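Could you build the full structure based on these sequences and the hints that come with them?
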Amino acid sequence: MEPSQTQWVKIHPLVVRITHWVNALAILVMVTSGWRIYNASPLFPFRFPNELTLGGWLAGALQWHFAAMWLLVLNGIVYVTYGIVSGHFRSKLFPLTPRAVLNDVREALRGRLAHGDLSVYNAAQRAAYLAIILCLVVLVFSGLAIWKPVQFQEIAAIMGGYEGARIVHFCAMALMVLIVLVHIIMVILVPRTLPTMFTGRARRAS
Amino acid sequence: MKKRTMETSLAEHSPKLVRSIERRLFLRQGLSVGALAMLSGCNLTDDESVQKVLEGMSRWNDRAQGWLFSQTKLAPEFPESAITKPFPFNAFYTEAEVTVVDGKSYQLELAGLVRDQKPWTLPELYALPQTSQITRHICVEGWSAIGKWSGVRFSDFLARIGADTTAKYVGFECADDYTTSIDMATALHPQTLLTFRFADQILPPKYGFPMKLRIPTKLGFKNPKHITAIEVTNEYPGGYWEDQGYNWFSGS
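Chains as they are written, first to last, in the numbering used here: chain W, 1 to 206; chain F, 1 to 252.
Incorrect hints may have been included.
Claimed, not checked - Okay, the calculated bits of chain F under chain W, using three or more residues with CB under 8 Å as the criterion: (1) 47-59; (2) 128-140; (3) 199-205; (4) 233-241.
Stated by the list, open to error - The calculated DSSO-like cross-link candidates involving lysine-lysine, where the alpha carbons are at most 30 Å apart (straight line), are: (5) F/168 x W/148; (6) F/168 x F/118; (7) W/148 x F/85.
Hints in this document: simulated from the structure, not taken from any laboratory.
Predicted model only: the values in this text are computed from it and were never measured.
Even for Gly, the Cβ is constructed at its ideal location relative to N, Cα and C.
So this is what it looks like as structure tokens:
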């Protein structure tokens, strides 16, 4: 095949690629340091293995958590602003119907999920990416409520106060980690999606 | 034509194996990179340059929290029925090692930018106008508990001793060798109390006899117990936990 016959399709804009990887790093730091903070006073009758945590001890974990939160939030603001203003969200994540999501999840479980055109997200992908964005929004607001239960007491009150915000923060983390794990498994199953998140381009045979 | 067919057939057959090997490699590499990042987690924090960045961010967070802090925003108060029983004991030592201060010989020392540095005895402190609050104590570890504290408004006390309230910090020294310090804005907050009672009883030793500075707008470790000396200063005093890496402002 001649190289000229290979068509490159641009599928991930530069802003999305940069914010994706910054977000991945921020989430890794937030989750692993957050687990260490959780271990200092577990909400539920279990602890995370210290080997999987960041910070070495509570003070170190808090330093990481409250440093990376700026990275997470600033990066998130850039991504969400871009997503709304450029129409990226509208064109890539919508329309989204529960029926289409259920159908795609069923297909995926049968190992038959259509993934031919990498420039179009299937309904299961749309739901997963939207859910991660929503989880992160909930994580940021419940995090603000835990960090500042007096200054941001209105946010805390929505979640049933300080202790309620802790539970919301934990549940949003658990759901997000679950979706991220599925996301990583899907990338392993469809590895050609990985380089596109660096180059932004996918090969499409003419 | 023939060549093309062979290529196609090769492309059809070999990728299965290649792809599965690639996948396995990718998996293993992915896992080992993750494991490395995790394993080095504790050591990463000890790295000098990393530590510098983290401490710099902590100082930045001190400033951000100073801006977020409102002198008029009050911590939520609760009814008596919400009080946590028993209220947890917490310190950098065990409950059996609690310092017992002799109330009769006790004196509160004042230092720094304070006009009237005469030490205070307990009867003198008890004679000051008292107020109560039922607020949530939040520990840096994450747990919280609601308690009732009574004492004198710290801003009233600072005014009485002629403290320079334009100074930056108020530092505390305690009978159990604990130290901490707070910003002046928080010291002057209406809910910051110099307390002598817990649950309407004279503070028991485990909760900080003879006095605890109750600050519902700060984490528990910023609420010193067994206070023996108060200093008003413009030089950063640090503190027991703060010097070990806990965030200095630690405001709620």
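- Message: For a quick check of understanding: which of the numbered hints are violated here, in increasing order?
- Response: 3 and 4
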